[in-house]
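One rule links them: number in the numbering used here = place in the sequence shown (from 1) + 10.
It should be emphasised that the hints constitute simulated quantities derived from the structure, not laboratory data. Hints may contain errors.
Stated by the list, open to error - Just the calculated beta-carbon pair ranges, DEER-fashion: (1) Q405 - P83: 53 to 61 angstroms; (2) G209 - Q405: 57 to 65 angstroms; (3) G92 - L409: 51 to 59 angstroms; (4) F150 - L62: 26 to 34 angstroms; (5) L58 - R452: 28 to 36 angstroms; (6) F150 - T32: 39 to 47 angstroms; (7) W120 - L58: 21 to 29 angstroms; (8) K77 - R398: 20 to 28 angstroms; (9) T232 - L29: 22 to 30 angstroms; (10) V418 - L321: 23 to 31 angstroms; (11) W120 - F18: 55 to 63 angstroms; (12) N49 - L125: 40 to 48 angstroms; (13) E152 - L125: 17 to 25 angstroms.
These figures come from a predicted structure and were not determined experimentally. Virtual Cβ for every residue (Gly too), placed ideally from N, Cα, C.
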Amino acid sequence: MTYWEYHFIFTLPLLALLLLVTLRETRKQPLAGHYRPENGWALRFYFLLPLLALVYTTPWDNFLIYKGVWQYPPERVSMVIGYVPIEEYFFFLVQPLIAGLWVFFLLRRWGSPKLGFQSARIWGTLFWGALSFLGAGLLFTEAGYYMGLILAWACPVIAFQWAFGGDLILSNRKVFWVGLMVPTVYLWITDALAINTFGIWDISTKYSFAFKPFGLPIEEATFFLITNLLVVQGLLLFLHPEALKRWFRLARSVRPWTLFVALYALLKIPVPLWPDGFPLLATLSTGALAVAALLWAFENVGKKAFLLFALTFGIGLGVEVLGSRTGFPFGHYTYDPPGLTLFGVPLIVPLGWWAMTLSAYLLAKGNPWITGLLLVAWDLGLEPLMVREGYWSWQEGQLWSGYYGVPVQNFMAWYGVGVALAFLLKRLAPEMKTSDFAWAYRIEALFLPTGLLLLGIYPAGFVTLALMGGLAWVHSWKSSSKPSSVTPYEKA
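Between the sequences and the hints, there should be enough to build the whole structure, so can you do that?
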């Protein structure tokens with residue numbers, strides 16, 4: 011059997027059947043029933059789904075075949091674009107079309123827009139976020155590589171869906187579960203036949219677990235479950251009347267700097283998939299965070315933001331140039347970075363001094379002494395990571411250098427410079443009191459220790475998780491600067 015014959019037997023007849031039922035039933039009622047009476051709205055997203063699936067899945071699937079995670083006999087396919095058979099691209103389109111019509115079928119019978127429990131948003135986000143990091147960790151194992159690619163690729167999107175509307179997804183649990191499991195089980199059966207009976211494609215035993223319930227590799231079962239989940243959740247979210255209201259409220263609260271913080275976080279996600287791209291991703295990510303800090307400062311203190319940036323960036327750069335050439339104040343080290351440099355210093359270093367000092371200062375609610383402590387906690391994770399990535403190296407034999415060869419003098423200097431910069435911010439811009447940009451530090455406190463653990467730098471990972479992570483989530487600092495009670499949403 012060829013791949014096209016698979017479609018002619020298993021996918022196209024089912025799509026045609028659902029389409030005929032849909033055309034017959036929608037003569038007298040809306041496509042999505044009472045869940046979303048406007049047909050135009052439902053149709054727009056229905057036809058958008060396969061396009062989104064094609065765009066998001068194409069580079070991922072090309073990478074899978076390039077790495078040899080799955081393969082196909084050449085005689086089973088008619089044409090290849092990139093590394094992927096054209097029949098596989100067709101699958102990207104037909105699967106969401108089938109799942110979408112099935113969900114519409116259920117909504118016309120059981121669909122009524124309700125609101126679920128708000129706690130579903132929190133627990134769903136945490137669960138799928140944890141699976142995202144599990145997937146990233148599996149990428150560093152051989153047998154777990156395929157599963158890691160699936161989880162790291164899909165789970166961040168699912169986590170976002172739950173953060174936005176987990177309560178809306180579970181507002182009609184009957185539609186959710188039946189809408190998810192019926193097409194999933196059907197594709198499980200056809201996938202097992204395609205692999206074991208017809209030999210249309212196959213999964214690498216090198217990059218997969220040797221666990222095949224009912225003859226189906228667990229990775230394939232996970233793939234079809236998760237891809238159908240993306241479709242079903244997307245429809246239930248997009249069509250829910252509350253979703254549009256929620257989206258407009260979110261859009262009104264968004265500031266330009268929040269987009270750059272989001273970009274900063276997103277640029278950290280591909281690092282496990284592309285370790286060789288660390289210098290580029292680190293530069294882009296840190297640059298995005300620096301721009302976010304500047305935009306936030308401009309929003310809060312106006313043109314004075316450029317002075318704060320120039321001084322913090324300049325002092326950070328100056329002290330690094332001095333330190334790398336004289337050994338003062340950090341100790342003796344040399345730079346040999348793979349990325350962009352300025353006066354021999356990696357560009358991300360002074361950019362980091364600017365962005366993370368501002369974020370730490372706001373998290374500490376203007377307390378310079380705590381700001382310095384937060385920056386030292388950050389550097390405890392930064393040092394072993396950047397030494398491993400080849401950005402700098404420490405001279406051996408320095409006093410009290412048992413922590414990955416980094417002398418205690420370095421951390422004392424970090425504290426001193428951090429406190430000094432915080433006093434500078436406090437003196438020049440005492441009006442900076444809203445702490446929303448402090449989220450940048452919290453995000454870093456999540457990604458940095460996770461990255462260290464994934465790289466196998468376990469002591470530093472746990473130390474950073476305990477200190478930086480613990481400090482990041484302490485909300486009540488004893489400081490002389492009291493935070494404003496106005497949130498960015500209230501200001502909107």
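Hints breached by this structure | The structure breaks hints 11, 12 and 13; every other hint is satisfied.
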